[in-house]
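Per full-length UniProt numbering: the sequence shown = residues 1 to 93.
The hints are simulated quantities; they were obtained by calculation from the structure and are not laboratory data. Heads up, some of the hints might be wrong.
Below, computed lysine to any residue pairings styled on SDA-like, alpha-carbon distance capped at 25 Å [what the hints assert, rightly or not]: (1) 13 / 49; (2) 13 / 67; (3) 13 / 71; (4) 13 / 46; (5) 19 / 34; (6) 19 / 4; (7) 19 / 55; (8) 13 / 60; (9) 19 / 40; (10) 13 / 33; (11) 19 / 33; (12) 13 / 55; (13) 19 / 68; (14) 13 / 66; (15) 13 / 36; (16) 13 / 50; (17) 19 / 32.
Label pairs and their in silico Cβ distance ranges [what the hints assert, rightly or not]: (18) 9 / 85: 37 to 43 Å; (19) 13 / 92: 54 to 60 Å; (20) 75 / 25: 19 to 25 Å; (21) 73 / 37: 31 to 37 Å; (22) 61 / 29: 25 to 31 Å; (23) 26 / 85: 26 to 32 Å; (24) 13 / 38: 16 to 22 Å.
We put the beta carbon where it would ideally sit given N, CA and C, even for glycine.
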Amino acid sequence: MFDEERQERIESKEAVAEKAASCIRECMALMRESGMPWDSIIAGAHAEVISAMTLAFGGRMAAHCCTSAAERVCTLPSEADHALACARPAGSA
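With the hints as constraints, model all of the structure from the sequences given.
In structure tokens:
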């Protein structure tokens with residue numbers, strides 16, 4: 001019984017987190033559509049999230065979360081790198 005209740009709480013928190021992520025994505029998309037520079041939108045969103053994490057969990061835990069996330073994404077390609085790697089060669093050699 002305890003495990004089922006725990007699993008339900010985890011799933012509920014994950015659903016709320018996904019809803020929050022969806023709202024943030026929509027807000028960022030609206031800003032981009034309004035003509036704001038994408039890099040400025042990302043920088044502002046990043047600063048706001050890090051500030052909120054620090055206030056909620058403290059600097060040490062926020063830094064741990066950021067470091068952990070950085071380790072998971074540091075080798076991922078950018079959208080442009082991915083497009084270039086997947087592009088078909090043009091012309092002939």
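Find the hints from earlier in the document that the structure breaks and name them by number, from lowest to highest.
Checked against the structure, the hints that fail are numbers 10, 15, 21, 24, while the rest are satisfied.
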